Amino acid sequence: MVEPALIKAAQAGDRDALVSLLREIEHQVYRTAYYLLNHEQDALDAAQEALIRIYTKIGSYEEKAQFRTWVQRIVTNICIDKFRRKRPSVSIDEHELVFEAKEDVEGEVLSAYAAEEIREAIGKLPEHHRTVVVLRYLQDFSYNEIADSLGLPLNTVKSYLFRARQQLQVLLHDYQKGGVRG
Amino acid sequence: MNCQEGMELMQRHVDGDLNDEETSRLMDHVGHCPDCAAMLERLVRLSRGLEQLPRVVPPYSLVDAILPQLEQWDTTSGEGETSAAAPLEPRSRRAGRARRSWIYRVSGVVVAGVVVGLLLVNGPYGRMGGSQQDAASSGAEMKRQADAPMASMGVQDQYGAASPAPESSASTFGIMADTSEGGKAKEKSAASGEATDGDASSSDAGVQAPKAPPAGSGGSGTEAGPVEGLSIQGTADATSRDAAKNGSGQGSADNGPVQGFTGGGGAQGFAGNDPSQDDAADSANALDASQMSIAGEQPATEEALSPNGEWRAAITGGKLQIYRQGDGKLVYDQTPDEGTRSGLSWSDDSTTVYYTFSDADGNQTDMELIIDPSGFQEIRR
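So the protein sequences, as listed, match chains R and B. First residue of the first sequence: 7, per this note's numbering; consecutive thereafter. First residue of the second sequence: 37, per this note's numbering; consecutive thereafter.
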């Protein structure tokens with residue numbers, strides 16, 4: 007967690023403090039970008055853009071918000087914009103998925119999902135679902151922190167997260183069933 | 037409990053969001069319902085997999101990689117309070133460029149203010165006396181908008197701030213002349229930074245890299261962000277010169293504000309879905325091309341967009357260049373000589389660029405370049 011004193015110094019115009027602050031958050035910024043964009047170079051670009059924006063906008067950060075949710079808001083906005091321009095998100099017919107899921111629940115061979123499969127499956131989620139999952143699991147955000155970051159109502163956050171997990175488990179189940187692992 | 041309720045509880049369970057009572061209700065249901073038991077198993081397994089995703093780290097230090105850009109921003113943002121789009125430049129030019137862009141921004145916001153005033157005021161020659169103060173307070177209001185995440189907010193608030201304070205264009209231009217010549221009023225500088233920031237992320241993109249232009253609103257991709265940034269700067273420059281001479285300067289002001297408002301609209305389009313991906317991509321390429329040409333060899337010290345948006349005049353290394361804004365093509369490149377040029381402005385009809393030529397001895401001559409792709413002519417005014 008970034009020390010409040012460091013944030014204050016950065017806001018007061020201490021350039022060294024601001025650069026140190028960026029160094030502290032660069033990994034968390036990159037991690038979000040990486041899992042949202044599912045592409046290393048795009049993630050590097052987005053994370054750098056986000057860090058620059060944080061540098062130039064540090065004066066507009068207000069203490070009433072958590073610093074890390076403010077940071078994540080910036081990086082997720084940049085990423086959402088990037089993938090909107092890049093490709094339309096795949097929309098999944100939920101009813102069909104739920105039906106399939108129920109059908110195959112029993113008799114399933116239980117094994118751990120590979121990280122690569124999960125990452126690919128996350129990449130297939132609609133943008134808001136993906137963002138919520140990334141903040142929940144890669145930033146360990148609570149429902150409230152996700153809501154603050156994305157400017158969404160709490161119930162919407164829960165609904166996105168729950169649906170995202172349902173979709174993910176169907177996608178991952180299909181992977182395993184189809185033998186396309188690894 | 038039915039399975040639907042069970043699902044909700046299972047989801048909250050994997051987030052550790054259930055109290056004891058809810059947990060026992062869930063376990064009770066799962067004990068009787070094999071489907072839900074299997075589903076719970078899968079959700080828990082998925083959640084564990086998600087928690088164990090690798091905490092990837094970048095292959096190199098991102099902060100080190102952007103340090104030059106941060107330094108760049110420092111030099112163009114006065115005292116680090118504001119953000120402004122500016123092409124990359126070598127350190128040796130820092131002082132002059134910083135002061136100049138500062139003036140651009142100060143005059144840019146005043147131009148925006150003036151036009152808002154003109155749009156709103158019924159009697160444009162009302163209250164001459166109090167208007168200086170009004171304009172200053174509207175500047176302060178804009179500064180407060182530094183927090184507004186969306187450009188459109190900034191634009192709306194400029195509008196809102198100006199509305200209760202009708203002011204004549206003449207007196208507002210008086211203020212502009214003050215600030216641009218005296219270089220004082222830090223507060224206004226901050227406000228103008230936000231005004232430049234009216235195109236929001238596009239301004240950021242300008243600072244960082246030209247390859248992330250926003251999609252234009254409603255599919256008119258060619259008027260996307262960075263272009264407006266330039267137009268504000270360019271027009272501001274033109275008007276700051278005019279303002280010193282006379283109080284009207286409406287010709288050039290007409291262009292500035294309209295572009296400014298387009299900036300707000302563009303930013304909204306940027307935030308929302310843009311159906312015209314192709315347009316946006318085309319415009320992105322065009323912007324890339326034009327920005328590349330700026331950053332390519334030597335950075336421009338001055339730029340001005342023509343009122344019709346078709347041309348961009350730039351002074352690079354003391355010589356004048358004209359770019360076609362649509363594709364960023366360099367259409368006129370002056371032969372280097374001993375003199376330098378400065379003080380770019382455009383005629384209202386976009387056919388002529390005015391500037392001042394200074395020879396090696398420092399003698400100044402007012403010049404103009406007539407825009408004619410079949411043969412540009414530079415003549416003494």
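Quick caveat, the hints were computed from the structure, so don't treat them as lab data. Given the structure is predicted, the values throughout are model-derived calculations rather than measurements. Errors might be hidden in some of the hints.
[Claimed, not checked] In silico EDC-like links for lysine to aspartate or glutamate, alpha-carbon gap of 16 Å or less: (1) Lys70/R to Asp154/R; (2) Lys355/B to Asp385/B; (3) Lys355/B to Asp384/B; (4) Lys63/R to Asp48/R; (5) Lys63/R to Glu133/R; (6) Lys88/R to Asp48/R; (7) Lys355/B to Asp373/B; (8) Lys355/B to Glu414/B; (9) Lys164/R to Glu44/B; (10) Lys63/R to Asp402/B; (11) Lys164/R to Glu404/B; (12) Lys63/R to Asp110/B; (13) Lys14/R to Glu69/R; (14) Lys164/R to Asp395/B; (15) Lys164/R to Glu133/R; (16) Lys164/R to Glu41/B; (17) Lys130/R to Asp180/R; (18) Lys365/B to Asp385/B.
[Said to hold, decoys possible] What follows is a list of derived Cβ distance ranges for each label pair: (19) Asp385/B to Asn161/R: 54 to 64 Å; (20) Met63/B to Leu12/R: 40 to 50 Å; (21) Gln413/B to Glu68/R: 22 to 32 Å; (22) Glu68/R to Glu107/B: 20 to 30 Å.
Even for Gly, the Cβ is constructed at its ideal location relative to N, Cα and C.
Does Lys164/R pair with Glu404/B here, judged by a C-alpha cut-off of 16 Å? Not OK: Lys164/R and Glu404/B at ~63 Å, beyond 16 Å, violated.
Beta-carbon spacing of Met63/B to Leu12/R - inside the hinted bounds 40 to 50 Å or not: Since Met63/B and Leu12/R have Cβ atoms about 45 Å apart, the given range 40 to 50 Å holds.
Are Lys355/B and Asp384/B close enough, with their CA atoms no more than 16 Å apart? 22 Å, violated
Distance restraint between Lys355/B and Asp385/B, which requires alpha-carbon spacing of 16 Å or less: Not OK: Lys355/B and Asp385/B at ~23 Å, beyond 16 Å, violated.
For the pair Glu68/R and Glu107/B, does the Cβ-Cβ distance stay inside 20 to 30 Å? Check passed, 26 Å falls within 20 to 30 Å.
Given the hinted pair Lys164/R and Asp395/B, is their alpha-carbon gap at most 16 Å? This hinted pair is violated, its Cα atoms lying about 69 Å apart.
Lys70/R and Asp154/R were given as a pair; does the straight-line alpha-carbon distance stay at or below 16 Å? 11 Å, holds
Hey, Lys130/R versus Asp180/R, does the alpha-carbon distance stay inside 16 Å? Holds. Lys130/R to Asp180/R sits at ~13 Å (cutoff 16 Å).
Agreement of Lys88/R and Asp48/R with the hint, judged by alpha carbon distance not exceeding 16 Å: 8 Å, holds
Beta-carbon spacing of Asp385/B to Asn161/R - inside the hinted bounds 54 to 64 Å or not: With Cβ atoms ~57 Å apart, the hint holds.
Assess, step by step, whether the Cα of Lys63/R is no farther than 16 Å from the Cα of Asp110/B, and give holds or violated. 12 Å, holds
Keeping to a limit of 16 Å between CA atoms, is the pair of Lys355/B and Glu414/B held or broken? Holds, at about 12 Å.
Figure legend: structure checked against the earlier numbered hints; hints not met, in rising order: 2, 3, 4, 5, 10, 11, 14, 18, 21.
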